[in-house]
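A.B. asks: Sequence:
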Amino acid sequence: MLVLAGNCSLLFPLVLLTVFSSLPCVARAKGDFLARVCAGEGCPSASMVHAFLIHTLRCHSGDEAGPCRVLYSRVFSPEGLEDAGGGDLDKRRLLQKEQILVVARQVDSMCKLYQQASGKPYSDQPALLPDDPVSLQDAPSGVFRLSPGDPFAEEKTVLWLGVHCLGFSLVCDPHENLMLAESTLRLLVKWLLEHLRLMSSGSEVLLKADRTEVILAKLLPHGQLLFLNDQFVLGLEREVSGSLCK
40 MLVLAGNCSL LFPLVLLTVF SSLPCVARAK GDFLARVCAG EGCPSASMVH AFLIHTLRCH
100 SGDEAGPCRV LYSRVFSPEG LEDAGGGDLD KRRLLQKEQI LVVARQVDSM CKLYQQASGK
160 PYSDQPALLP DDPVSLQDAP SGVFRLSPGD PFAEEKTVLW LGVHCLGFSL VCDPHENLML
220 AESTLRLLVK WLLEHLRLMS SGSEVLLKAD RTEVILAKLL PHGQLLFLND QFVLGLEREV
280 SGSLCK
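First residue of the sequence shown: 40, per the numbering used here; consecutive thereafter.
Calculated directly from the structure, the hints in this document are not laboratory data.
Careful: at least some of the hints might be erroneous.
As the list claims (entries may be wrong) - Pairwise CB distance ranges (calculated):
id, residue 1, residue 2, range
1, Leu283, Leu219, 18 to 26 Å
2, Phe266, Ser148, 28 to 36 Å
3, Glu118, Leu273, 16 to 24 Å
Said to hold, decoys possible - DSS-like mimics (lysine-lysine), calculated; alpha carbons at most 27 Å apart, straight line:
id, residue 1, residue 2
4, Lys257, Lys247
5, Lys257, Lys136
6, Lys151, Lys229
7, Lys229, Lys136
8, Lys136, Lys151
9, Lys229, Lys285
10, Lys136, Lys247
11, Lys247, Lys285
12, Lys247, Lys229
Fair warning: this is a prediction, and the values are worked out from it, not measured in the lab.
Each residue gets a CB set at the ideal place from its N, CA and C atoms; glycine is no exception.
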């Protein structure tokens, strides 16, 4: 059963859909119904997840350390862009990019502190190759809060996961279900690593942004966190694989 977190208005039709899914005619329509729901019909305007971003992590110390760069970002609930126009819209977009960069830099700093505390610096890790299996169980991860105005107008919670020299971050509303957000982030990173064959340089992120969009559309439709059971995750994974093979 699939339920959109925080969206009680959708609970009743989804329950009915589950009860009658054994009927052939309803089973055929089930996919279309979920597609319409995830496309925004009846969904609230506010997103549970504010943004998702992929960015570099400065793996090397000293002169070898390059600047933290945002490789990909998707903002689901832009602040003030709906009412902005003309020059104001350009300013808002620039502010949005600056906000995302602030998040990336803070995650980079948090990841460094994590590595120092664990005694496992990035310099000791071998380079990541496309076909190398990646275990996320021991990957650096964490969560921190951003106060109102630093950098977003409202308070946000950031969950992050580091894989070699790449950081993956979710910017969430302050009262979000953190366990659900973390499991979603880990599944999202797992699929990105598998389907994009990401390496430490992160160049594949820039070249395969369309594939990232496909995965996000399935797992985070319009920024909504989904409660997923194992069976539904397997179904989503088949859908993602089918879409990316086209």
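A.B. asks: So, for every hint listed, does it hold in this structure?
C.D. replies: Hint check:
The hinted window of 18 to 26 Å between Leu283 and Leu219 holds, with their beta carbons roughly 25 Å apart. A hinted range of 28 to 36 Å holds for the C-beta pair Phe266 and Ser148, which are about 32 Å apart. For Glu118 and Leu273, the Cβ-Cβ distance of about 36 Å falls outside the hinted range of 16 to 24 Å, so the restraint is violated. Taking the CA atoms of Lys257 and Lys247, the gap is about 16 Å. The hint holds against a cut of 27 Å.
For a cut-off of 27 Å, the pair hint linking Lys257 to Lys136 stands: about 24 Å separates their Cα positions. A threshold of 27 Å between alpha carbons decides the hint, and for Lys151 with Lys229 the separation of about 22 Å falls inside it, so the pair holds. Restraint check for Lys229 and Lys136: satisfied, since their Cα atoms lie roughly 26 Å apart, inside the 27 Å limit. Our distance criterion of 27 Å between C-alpha atoms is met by Lys136 and Lys151, whose separation comes to about 23 Å.
Proximity of Lys229 to Lys285 is assessed by CA-CA distance (about 21 Å); at most 27 Å being required, the pair is judged to hold. The hinted pair formed by Lys136 and Lys247 meets the criterion: a straight-line CA distance of about 20 Å does not exceed 27 Å. Of the pairs offered as hints, the one joining Lys247 and Lys285 holds, with about 14 Å between alpha carbons and a cut-off of 27 Å not exceeded. Proposed proximity of Lys247 and Lys229 is supported: the alpha carbons are some 16 Å apart, at most 27 Å.
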